[in-house]
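Each chain, written out:
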Amino acid sequence: MTYEQLKNLEKTSRISCGCGISGIVNRNGNAFSGELIISSICMMRERGNGLGAGYAGYGIYPEFQDRWCFHIMYDQPREKENVEGFLETRFNIIQQEPIPIKKIKSLSFVPVLYRYFLVIKDEFSDGLISEEDFILETVMSINRQFNNASVFSSGKNMGIFKGVGDPDEMAEFYRISDYKGYIWLAHNRFPTNTVGWWGGAHPFGILDWSCVHNGEISSYGINRRYLENAGYYCTFYTDTEVITYLFNLLCRKHGLDLEISGYVLASPFWSKIEKEEDPGKQGLLKTLRIVYASALINGPFAVVVANSDTVVGLNDRLKLRPLVAASDSDFVYVASEESAIRKICARPEKVWMPEAGEPIVVKVNNKRR
Amino acid sequence: MAKPKAISEFIIERDMEKCIKCQACVRVCANDVHIWDGESGETISRDIKCVGCHFCEELCPTGALRIKRNPSETRENAHWKKGYIYGITRQANSGGIILTGMGSDRPHKNYFDCLLLNAAQVTNPSIDPLREPMELKTFIGGKQDKITVEKLDSGGWSVKEKIQGLLELEIPIMFSAMSFGSISLNACKALAEAAKVSKIYWNTGEGGMHQSLYPYADRAIVQIASGRFGVNVDYLNNAAAVEIKIGQGAKPGIGGHLPGEKVSEEISLTRMIPEGSDAISPAPHHDIYSIEDLKQLIYAIKEATGYKKPVGVKISAVNNVAPIASGIVRAGADFITIDGIRGGTGAAPVAIRDSVGIPIEIAIAVVDQRLREERIRNRISLVAAGGFRTSADVIKAIALGADAVYIGTAALISLGCHVCQKCYTGKCNWGIATQDPYLTKRLNPEIGAKRLVNLLRAWTFEIKEMLGGMGINAIESLRGNREQLRGISLNEMELKILGVKHAGEAW
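Chains as they are written, first to last, in this note's numbering: chain A, 1 to 369; chain B, 1001 to 1507.
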């Protein structure tokens, strides 16, 4: 199949996958090299099949910390002109450049990869819609209108790097070890059919939110319809996109904090809510389930979600996918397997298995940008 | 001239070797089919009077009776089928509307039969309901779109919005509106008791609530229909929810008529009308000629009930059902009940029952989609009604977008009904659709309640198995999740309207 055919296959049908995930956060906001996360994710080679890998780093663009940064992949070079024309109508482009890459022989196809540092034009900063909503709408428009372009990263002082290949190939290709960040997420993909579209790899991101995910969502049909009515369109056709957008909707638009959003996505069972001794928490959990019924995620999943100041690890309600966490001094690690943590931190102070549906929330203090 | 006679629909075969001449059949048949001929010492059966309810056949101690369809055929004709010829014959004799009972028996396309369910394989483990929790709890009523949570100094949380006035159902099934009058008090009692035991709700229909059913008030949805029978402030407050009935699937756009001879003392007390007077429900509510009038009634009820109970509106599924539903949300209703063309009735003209309205499957799909597009879906619950036959129909309705379903005919079948469609005659041998004390005492409310509870229990097991099979363990993850459905034998337009993919299409 040609790349075009593969992409169309992936864009018209939802693809589920088994995967390996890893996340590292420095709680004091101290940046560290991408080496650590590469080493961690590559430990779980068994969990992928070479059809997708990626990284997300926070704090990687300190010199542009207040600029929106878009990473865009162009499957056809000619689409670049069209998208840039569109961007120019909305933004002042402070800097644009190819994403630095190292050519690797084993990669059969490589899209054109560009990054843009942007400032919203004054005429759009009239306060009628928030900057974030404007960016969201812009990203959705590009991804829906331009068939050969995808914005796959759209935050500030953070970036997503992903593509079709093994995690070590992607690390080398994107020169991940050249970046320093205070949060890193990584993903190793095992899609269940032959795919090869770079846009389908993880992490998924919107604004400064990113997400790596192992699982399949049986509630996808309703989660997607729920999100569409809130202005989020699923253009990548993977489960993970739904999780990313749900967190974004609940935290950013509804003002719920990440831990509470975790209780929406992986709500406790009614039997557990009934036994809850704290009446305040019981009332909260009950209300969340009733109001946010369509945002409940059903099916097996382990997920690590990050934004600029928080990392959340979350399992489905039955813990049908593995997730381990560890902490050592100011580092917290979350990964599919303990081996991926021990590889980079041989003797953590604490290692634990998060309970089903109980979010692990790590806040970053003294964030240094 | 020679007047053509209607020919009997059924024939009764009596095995004379088995018949012990006990005359049980003679005593029990409300339609006087069987008579004892003292002279010949034999029981004679008159086929023409038989409605096909099978009561005598099932009661006969020796199994001597067989009720069969009359094989007598008119010349085969794809257009002028037997039923039409007999119908015209009857109307030429009487000059009247042909009445019938129950839901339509016409072979309208059944979309439930064209929808198939998904199951998880390999990439997603199916869930075993015997080992893992499987949650069917459902809340009926309006909900906020979002909530505000405040973190307390004590470390706890407090939710600003208070969620109140919701019906909490253990399973997403309720008993449809059936009034005391259309069915017997014993049937009402069985439904009410079963609703209480199963933690669901029953619906009084438009006939008011009989005193003896007051203990079941907290599981009752009381109805207000165009006749306003039995409606007063106590009636409204003596319930868990109130439903304004605008229409009914079996007879959209027309009213109802309970003949005076059925208005016994008990019914007269319940409906608050004189004994023996006709109980006429007009076609429209004469205080609702527009959506703004409906809004006034909704808020009048809310005022009367202190904003503590959900107020719903029941309409029949018609062409414009989606915009109407949207208007009902904006008029302030907390739930909307939609009754499809196969919805049952105690009495309706055949021509209307079989030809007016649209299937419930289509109505659920378009209403759910419309309310989502308008971003008001959370503000209302959608209850679907009209011909649910199995747990699979229920689960498909929920996947299409319903919050819960009402069952009526299925509930009556569990009480003995054989769907003979003669409810309007008041001669129901099973003691359901009758007020004749000789017949109603055949229905024991305690046993009836147990049978209803059994039915719900069985469907609950089946729904849990199917849900677990899809890798889902909470009913809300199936609601509106049309990815779990696939269509067969449907054209592109049908698939588009239902919002489902064709079998063979992946996610």
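A few of these clues could be false.
Said to hold, decoys possible - From chain A, some residues computed to sit far from chain B (all C-beta separations above 12 Å):
1. 93
2. 105
3. 122
4. 141
5. 166
6. 178
7. 180
8. 220
9. 257
10. 271
11. 298
12. 353
Unchecked claim - Derived PhoX-like pairs (lysine-lysine); straight-line CA-CA distance at most 20 Å:
13. B:1295 x B:1308
14. A:286 x B:1501
15. B:1427 x A:281
16. B:1137 x B:1049
17. B:1151 x B:1137
18. B:1003 x B:1082
19. B:1151 x A:363
20. A:275 x B:1137
21. A:253 x B:1151
22. B:1496 x A:253
23. A:281 x B:1162
24. B:1082 x B:1005
25. B:1308 x B:1160
26. B:1146 x B:1109
27. B:1496 x A:286
28. B:1146 x A:253
29. B:1146 x A:286
30. B:1162 x B:1302
31. B:1441 x B:1427
32. B:1068 x B:1082
33. A:102 x A:180
34. A:286 x B:1199
35. B:1450 x A:281
36. B:1450 x B:1427
37. B:1049 x B:1003
38. B:1081 x A:281
39. B:1021 x B:1005
40. A:272 x A:319
What the hints contain is simulated information worked out from the structure, not anything from laboratory work.
From the three backbone atoms N, C-alpha and C, an ideal C-beta is built for every residue, glycine too.
- Query: Does the structure keep residue 1308 (chain B) and residue 1160 (chain B) at a Cα separation of 20 Å or less?
  - Reply: Given that 20 Å is the threshold and the Cα spacing comes to 18 Å, the pair holds.
- Query: residue 1146 (chain B) and residue 253 (chain A): Cα distance at most 20 Å?
  - Reply: Satisfied, since the Cα-Cα distance of roughly 9 Å is no more than 20 Å.
- Over 12 Å to the closest beta carbon of chain B is the bar; see if residue 257 (chain A) clears it. violated (8 Å)
- Query: Are the Cα positions of residue 1082 (chain B) and residue 1005 (chain B) separated by 20 Å at most?
  - Reply: holds (13 Å)
- Given the hinted pair residue 1162 (chain B) and residue 1302 (chain B), is their alpha-carbon gap at most 20 Å? Given that 20 Å is the threshold and the Cα spacing comes to 17 Å, the pair holds.
- Task: Take the C-alpha atoms of residue 1021 (chain B) and residue 1005 (chain B), compute the straight-line distance between them, and say whether it is at most 20 Å.
- Result: violated (31 Å)
- Query: Under the criterion that the straight-line Cα-Cα distance not exceed 20 Å, is the pair residue 1450 (chain B), residue 281 (chain A) satisfied?
  - Reply: violated (37 Å)
- Message: If we take the beta carbon of residue 105 (chain A), is the closest beta carbon in chain B still more than 12 Å away?
- Response: holds (32 Å)
- Is the nearest Cβ of chain B still more than 12 Å from the Cβ of residue 220 (chain A)? Violated, because the least Cβ-Cβ distance between residue 220 (chain A) and chain B comes to about 6 Å, which does not exceed 12 Å.
- Task: Decide if the proposed pair is consistent with the structure: residue 1151 (chain B) and residue 1137 (chain B), CA atoms, cutoff 20 Å inclusive.
- Result: Violated, at roughly 28 Å.
- Query: Is residue 1049 (chain B) close enough to residue 1003 (chain B), meaning Cα to Cα at most 20 Å?
  - Reply: holds (19 Å)
- Task: Below or equal to 20 Å on CA atoms is what counts here, so check residue 286 (chain A) against residue 1199 (chain B).
- Result: Answer holds: residue 286 (chain A) to residue 1199 (chain B) is near 18 Å, not above 20 Å.
When the structure is compared with the earlier hints, violations turn up for hints 8, 9, 10, 11, 14, 15, 16, 17, 22, 26, 27, 35, 36, 38, 39 and for no others.
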